[in-house]
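Peer 1: Can you make the complete structure from the sequences, with help from the hints?
The listed protein sequences derive, respectively, from chains A and B. Using this note's numbering, the letters of the first sequence map in sequence onto residues 1 to 455. Using this note's numbering, the letters of the second sequence map in sequence onto residues 1 to 93.
Just so you know, the hints here were simulated from the structure itself, not pulled from any lab data. All values reported here derive from a predicted model rather than from experimental measurement. Incorrect hints may have been included.
With a straight-line cut-off of 30 angstroms between C-alpha atoms, the simulated DSS-like cross-links for lysine-lysine are [unchecked claim]: (1) K443(A) x K75(A); (2) K454(A) x K23(B); (3) K283(A) x K443(A); (4) K157(A) x K283(A); (5) K145(A) x K75(A); (6) K23(B) x K253(A).
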Amino acid sequence: MDQLINIAYIVASVLFIFGIKMLGSADTARRGNQISALGMLLAVIATLLAGGFDWTWIIAGLVVGGVIGGVWAQKVQMTGMPELVALFNGFGGIASLLVGWAEEAHYLGEGKMPAVTSVAVALAILIGGITFTGSVIAYLKLSGKMSGSATVFAGQKAINALILVAILVLSGVFVASGQVWALYAIIGLSLLLGVLGVLPIGGGDMPVVIAFLNSCSGLAASAAGFVINNNVLIVAGCLVGASGLILTVIMCKAMNRTVSNVFFGSFGAATGKTGAQVEGEMKAISVEDAFYVLEAAQSVVFVPGYGMAVAQAQHAVKELGQILEKNGAEVRFAIHPVAGRMPGHMNVLLAEADVPYEQLCEMDDVNPIMSTVDVAIVIGANDVVNPAAAEDESSPIYGMPIINVHEARTVFALKRGQGAGFSGLVNTLFFRENCRMIYGDAKQTMTDLVAQFKD
Amino acid sequence: MDIVLLLFIFVLAAFLGFELIQKVPSQLHTPLMSGSNAISGITIVGALIAAGNVEGGLGQWLGFAALVLATINVVGGYLVTDRMLGMFKKKGK
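Peer 2: Next comes the structure, spelled out in structure tokens:
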């Protein structure tokens, strides 16, 4: 039986590998997800084949978790996706922590654990704990239940470093002596470290944090695999760890920052740079005048940002896009890799609104043609279209790749008020000659523009 | 199982993971993340073993909690990814 189970685990691992591979391309992504789900089912069935279980607990756990997860997945709004992914991530992390802890609890009375197993237990608890509380904080920030801005206090880094050292020392004590109190202390401190680690990271850096926590949840599962000597956990967890790490790096590159800069340097504070002062004023335009410009436009690019998600404007945006197309204009959506609050956030929202796949352009594809664009409409995006990133060497975001909307003939910037973006920087785009501001709620503005076309 | 053998598997899986996902178009970042997040729920296997342990006690309670949370992660993660990809698929067809 043992051999059969292990063979099933190998098959499950292969299914995960194919699943992840297929998730990387648009045509096969859905199939890939289903294949990986099949692998998971196989792994669960194979585990249960061993028999000798207390079935009441197993069935109860599967039913309760399955119903909660199923209902949640059906009910969530697409705008709520970042926080949901964060939360699920956290659940995976805490589950790995509990698996490590449970193994220790079962060991009590049977003498001391082997050193290798206790190291793995400590690791599963450390990584799982950080993943859990870190994800919960990310969830609270993303869902607006907590201020999204960076919470910074004096000595923050020193305290975090101290906690990490304490965890390492306690892990040494635990491995050497098998003392349970050391384990409890590690659990508590790991959970605390997750909270303190994510608190100082602001909303705009969330894509990096979510990708990183995703990687951690995989590594925690992998560590749990070392605890129970199970190779499917090790393989699957490690695959997720690697993919999460790649995404983290991609996100950092898109912001021209290093991973350590995101986690240890609260934005702007570290560099002390503020950027050059801007001269001139922001010029507003009425919806009616904007309509006349749009009516004559041959080529229009929408640049959505987090503001579109907040205003839930994606459906109205898509409607305007359709009307402009009917009016003879070429319509594109230019999406910056870190627009929004998680990797690919804008793509999900626009897909929900049924924007054709072909109209979604990546930054590098749209920038070369930007000078031929008649109107660029910036919807609640800010730092990702700030020309200072390309031109002003004293700006803290200098070097970050941006969508060059300032090269378009006309730019409309939809904005709630005159405030700055996540980075707190003044956006020099808004002061340009070719830029006009349309103040107000993005969804309302879109709807008004659509109404103008219909009249 | 021999720890060296397990480490061997771990290292190979890491390299495989990096190779698999080098070039992913950015519109797939979210589904990739939420799909791989569901895979990280593989810890459900460890939770099953801990929750089904006939010895009972604290370990079983912990295992049960782990099982519920891991199942939410797995079931919710796969379903939500499928829902998202379903919206992507409608395009241009």
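Peer 1: Are the hints correct? Go through all of them and say.
Peer 2: Results for each hint:
{"no.": "1", "hint": "K443(A) x K75(A)", "in the structure": "holds, 23 angstroms"}
{"no.": "2", "hint": "K454(A) x K23(B)", "in the structure": "violated, 42 angstroms"}
{"no.": "3", "hint": "K283(A) x K443(A)", "in the structure": "holds, 21 angstroms"}
{"no.": "4", "hint": "K157(A) x K283(A)", "in the structure": "violated, 43 angstroms"}
{"no.": "5", "hint": "K145(A) x K75(A)", "in the structure": "holds, 19 angstroms"}
{"no.": "6", "hint": "K23(B) x K253(A)", "in the structure": "holds, 14 angstroms"}
Checked against the numbered hints listed earlier, the structure breaks hints 2 and 4; every other hint is satisfied.
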